[in-house]
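Chemist: Sequences and hints are given; from them, build the entire structure.
Chains A and B are the protein sequences, given in the same order. Throughout, the numbering used here is defined as the position within the first sequence, counted from one, plus 7. Throughout, the numbering used here is defined as the position within the second sequence, counted from one, plus 16.
Just so you know, these hints were derived from the structure itself, not from any lab. Remember, predicted model here, so these are calculated numbers, not experimental data. The beta carbon of each residue, even a glycine, is placed where N, CA and C say it ideally should be. Among these hints, one or two may not hold up.
What the hints assert, rightly or not - FRET-style restraints, in silico, Cβ to Cβ:
no., chain 1, residue 1, chain 2, residue 2, range
1, A, 37, B, 156, 17 to 23 Å
2, B, 136, A, 48, 41 to 47 Å
3, B, 247, A, 30, 21 to 27 Å
4, B, 212, A, 23, 26 to 32 Å
What the hints assert, rightly or not - Covered stretches of chain B (chain A as the covering partner; in silico rule of three or more C-beta atoms under 8 Å from a C-beta of chain A):
no., segment
5, 123-129
6, 241-250
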Amino acid sequence: MFVEYVVAGYGISAIVLAAYVGWTLRRGRALSRQVPADRRRFLRD
Amino acid sequence: MTSIAVPPSAPEHTGSRLTRVLGAATAVSWVVWLTYGLVLSPADVVQSESVRLFYLHVPLALSAYLGFTVTLVGSILVLRKNSAFWDQMAGAGAEVGLVLAGLVLVTGALWGRPTWGTYWVWDPRITATTLLFLVYLGYLVVRRLDLDAEVRARRAAVFGIVAFINVPITRYSVQIWNSLHQEATLSLTDTEMDGSQLTSFALGAIAMALFTTWLIIHRFRVGWLEYELDRSGLESAILERRGERTATEVV
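Modeler: In structure tokens, the structure reads:
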């Protein structure tokens, strides 16, 4: 009972989080190619 | 035979050993959490299957508070140290927290329909969470204002500190006002949850906190790269301007 609400809740959360993570990682990749290497501080531990 | 030492180059992504370890821990914790919470733990006697939304909804809320706490700490350090590092960290915490707070509202509505019979009601907890979402949306708007970077960082920091007042208000809204929303089912002294429900919730809270930490680090690094790109663009423009002036003086 109420499985559809559970599926919708987890499904929407998965889609939104995956989209945001994908955007963040892609933007990080694109920006790190534009920024000179000596200015890419904090990208290393 | 000579060997040439190759200097370590900066990575062309926002990953590092720390994020890889955190990412692996997140992946493992999510598998354990989702397997236990969605498959192994039984349905609730009263709420039936919809209790599984609790294992997602509350960890999302706690992780949103974690993001906003990072914004608070970052904002205080911006005002104290005038630090670009903490300004970017504050922004990362707010953006990640905002995404999670948005999902808290969505999953809350989806849980409310089978539990209360309605997706939405202007209940104190739901109203406070909506205000929290809007306030941090406002904070991100302030961060994008077309101002001098230092002035903008300080104004955002003040906003980030004031905005945090909404976090305890939201957290304790069910105790302060009469609310349709249930009171906190989990406390350090009194827990009203069954063992498997408590385990599912705890696994969810750990998994979501690990994910949030991993995501804030990546988002911080993206913010830092944007900051450096802006700075290098500004420096090039200044150098270009100086070059033009020197050329004019020579002529």
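Chemist: Could one say that the CB atoms of residue 212 of chain B and residue 23 of chain A fall in the range 26 to 32 Å?
Modeler: Taking Cβ atoms as reference, residue 212 of chain B and residue 23 of chain A lie about 27 Å apart, which means the hint holds.
Chemist: Do three or more residues from the segment 123-129 of chain B put their C-beta atoms closer than 8 Å to C-beta atoms of chain A?
Modeler: holds (count 4)
Chemist: Does the Cβ-Cβ separation between residue 247 of chain B and residue 30 of chain A fall within 21 to 27 Å?
Modeler: Given a distance of about 23 Å, which is inside 21 to 27 Å, the answer is holds.
Chemist: Examine the segment 241-250 of chain B: at least three residues should have C-beta closer than 8 Å to a C-beta of chain A.
Modeler: holds (count 6)
Chemist: Does the beta carbon distance between residue 136 of chain B and residue 48 of chain A stay inside 41 to 47 Å, or does it fall outside?
Modeler: 45 Å, holds
Chemist: Has the hinted range 17 to 23 Å been met by the Cβ atoms of residue 37 of chain A and residue 156 of chain B?
Modeler: Since residue 37 of chain A and residue 156 of chain B have Cβ atoms about 20 Å apart, the given range 17 to 23 Å holds.
Comparing the model with each earlier hint shows no violations; every hint is respected.
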